[in-house]
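One letter stands for each residue in the lines below.
Protein chains: 2
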Amino acid sequence: MSEFDEDVVLSPAEGGYTTEVSARWDIGGRPNGGYSLALVTAALQRTAGLPDPVTITGHYLRPPLAGPAAVGVEVVRRGKGHTTLEGRLVQGDEECVRVLATFGDLSRAAGPSRAAAIPPALPPPEECPPWEELPGHFSERPPFFSRFDLRVARFAPVPDGAGQIEGWIRFADGRQPDVSSLPLFADAFPPAVFAVVSSGWVPTIELTVHVRNRPAPGWLACTFRTRFLIDGYLEEDGEIWDEAGNLVAQSRQLALLPRSP
Amino acid sequence: MSEFDEDVVLSPAEGGYTTEVSARWDIGGRPNGGYSLALVTAALQRTAGLPDPVTITGHYLRPPLAGPAAVGVEVVRRGKGHTTLEGRLVQGDEECVRVLATFGDLSRAAGPSRAAAIPPALPPPEECPPWEELPGHFSERPPFFSRFDLRVARFAPVPDGAGQIEGWIRFADGRQPDVSSLPLFADAFPPAVFAVVSSGWVPTIELTVHVRNRPAPGWLACTFRTRFLIDGYLEEDGEIWDEAGNLVAQSRQLALLPRSP
Chain R
0 MSEFDEDVVL
10 SPAEGGYTTE
20 VSARWDIGGR
30 PNGGYSLALV
40 TAALQRTAGL
50 PDPVTITGHY
60 LRPPLAGPAA
70 VGVEVVRRGK
80 GHTTLEGRLV
90 QGDEECVRVL
100 ATFGDLSRAA
110 GPSRAAAIPP
120 ALPPPEECPP
130 WEELPGHFSE
140 RPPFFSRFDL
150 RVARFAPVPD
160 GAGQIEGWIR
170 FADGRQPDVS
180 SLPLFADAFP
190 PAVFAVVSSG
200 WVPTIELTVH
210 VRNRPAPGWL
220 ACTFRTRFLI
230 DGYLEEDGEI
240 WDEAGNLVAQ
250 SRQLALLPRS
260 P
Chain L
0 MSEFDEDVVL
10 SPAEGGYTTE
20 VSARWDIGGR
30 PNGGYSLALV
40 TAALQRTAGL
50 PDPVTITGHY
60 LRPPLAGPAA
70 VGVEVVRRGK
80 GHTTLEGRLV
90 QGDEECVRVL
100 ATFGDLSRAA
110 GPSRAAAIPP
120 ALPPPEECPP
130 WEELPGHFSE
140 RPPFFSRFDL
150 RVARFAPVPD
160 GAGQIEGWIR
170 FADGRQPDVS
180 SLPLFADAFP
190 PAVFAVVSSG
200 WVPTIELTVH
210 VRNRPAPGWL
220 ACTFRTRFLI
230 DGYLEEDGEI
240 WDEAGNLVAQ
250 SRQLALLPRS
260 P
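Which chain is which? The protein sequence lines are R and L, in order. Under numbering that gives the first Met the number 0, think of the first position of the first sequence as 0, with each following residue one higher. Under numbering that gives the first Met the number 0, think of the first position of the second sequence as 0, with each following residue one higher.
Some hints could be false.
To be verified - Reference listing, derived: stretches of chain R covered by chain L, where coverage requires no fewer than 3 residues with Cβ under 8 Å from a Cβ of chain L:
#1 54 to 66
#2 72 to 85
#3 102 to 109
#4 170 to 184
#5 219 to 232
#6 246 to 253
As the list claims (entries may be wrong) - Restraint-style ranges between C-beta atoms, simulated for each label pair:
#7 L/E93 - R/A109: 36 to 44 Å
#8 R/E126 - L/D92: 44 to 52 Å
#9 R/A109 - L/P216: 28 to 36 Å
#10 L/S1 - R/S1: 29 to 37 Å
#11 R/L133 - L/P11: 52 to 60 Å
#12 R/E13 - L/P67: 49 to 57 Å
#13 R/D104 - L/D92: 21 to 29 Å
Just so you know, the hints here were simulated from the structure itself, not pulled from any lab data. Idealized CB from N, CA, C, for every residue including glycine.
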């Protein structure tokens with residue numbers, strides 16, 4: 000079993016599931032927000048009866064800690080083609096993440112397509128340095144970094160925005176990407192805003208992921224861009240493409256840079 | 000009192016508020032999704048004790064109808080600078096919209112700013128035709144259209160995407176924009192995808208609005224763009240700017256075009 004699959008194991012319980020938040024996805028001493036979103040999404044997916052989380056929103060209330068947790072699940076509405084569910088990641092009496100998600104079945108989607116945009120033009124992964132070789136930002140190597148093979152193609156300010164990071168990512172242990180792991184990949188790159196501001200950390204307030212296609216095996220090509228940093232609040236928009244050249248997810252998060260140093 | 004303020008009046012009740020969904024914002028015989036999101040946001044704002052809904056996500060379960068409704072409100076977490084709440088728009092036994100939102104106080108935000116992007120370069124409103132003069136799309140004039148003065152600057156396919164619509168909007172009755180009305184403005188323009196596909200309607204699955212600044216009085220300059228239409232699913236990304244040249248909101252919705260005609 001892969002690291003990711005081991006770390007989203009759920010046991011049915013009253014009102015949802017119990018689980019164990021793993022320390023393997025820690026960064027800055029706390030589980031990464033994409034991991035906690037993927038964990039709740041896994042619980043919702045199991046209840047939904049539909050495979051694809053077409054839209055997932057998580058609000059981050061307080062950082063969880065590695066250890067036992069409950070995932071409360073509520074079916075909000077089962078419709079004809081979509082089911083909406085709500086999830087809560089709870090440790091002790093404290094809720095850490097509240098999630099709303101709508102599931103569908105992308106294999107049955109039958110509407111029109113029109114997508115002129117193409118994947119970012121990146122040098123091949125083997126020509127891109129791994130992130131631990133990036134200068135400056137990463138003096139420590141948190142457990143999270145060991146979970147991925149992440150190659151940075153570009154990490155720079157952009158003319159019409161604040162900062163952008165582009166590159167390739169896959170699980171270090173060879174697990175292939177799927178719709179369940181896309182919430183994790185959507186929050187796995189270093190913050191794009193670090194291209195223009197240095198900061199200790201950038202806590203996420205809310206993260207929304209739209210799953211647009213089921214990923215093919217292989218690398219994921221990713222672009223994350225922050226255009227507006229306003230009084231510390233920033234959005235980060237992500238696009239994730241698979242090796243077959245299909246857009247598999249779009250993401251947007253609202254995050255906050257603490258007061259200027 | 001303005002039309003909008005009249006139509007988001009709330010009366011405290013067990014578990015939240017009661018209200019009356021107005022028919023004035025109907026389009027296609029049902030209340031517009033931005034209006035129902037603004038209505039729930041008004042209830043959450045009243046409970047939050049903080050003025051600015053920095054991020055709001057609504058999942059659309061079934062369309063409401065004009066008439067009596069309840070807005071259930073739950074305080075998910077009151078934190079130091081932000082409060083997260085959940086809202087439910089309910090008619091009879093049926094929940095129509097589920098909302099998660101986090102409120103803050105933008106006047107106290109003290110982090111750094113870096114926003115290279117500037118408002119869209121649009122001809123002045125008086126040189127842009129009102130939407131009812133657009134050819135083709137609007138044979139009927141639903142009540143919703145009478146609530147706004149909406150001028151279309153551009154409505155066309157775009158090279159790197161599906162469709163884009165840009166223009167100006169303000170309330171027809173002279174009410175000034177504020178953070179409470181931004182969820183409504185975020186869903187008020189005709190769908191950008193109509194620039195490339197004709198369709199009867201485009202139901203919204205989920206709409207997220209980030210409030211980034213409090214709007215100055217006057218017109219709002221807006222851009223809505225759909226880049227990826229994939230098997231009927233599409234995202235629509237919006238930017239709303241005020242007359243002072245500040246970005247006041249970003250929006251993204253996931254919507255569905257029914258099966259090709």
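Original post:
Of the hints stated earlier, which fail here?
Top reply: Hints 4, 7, 8, 9, 10 and 12 are the ones this structure does not satisfy, whereas the remaining hints hold.
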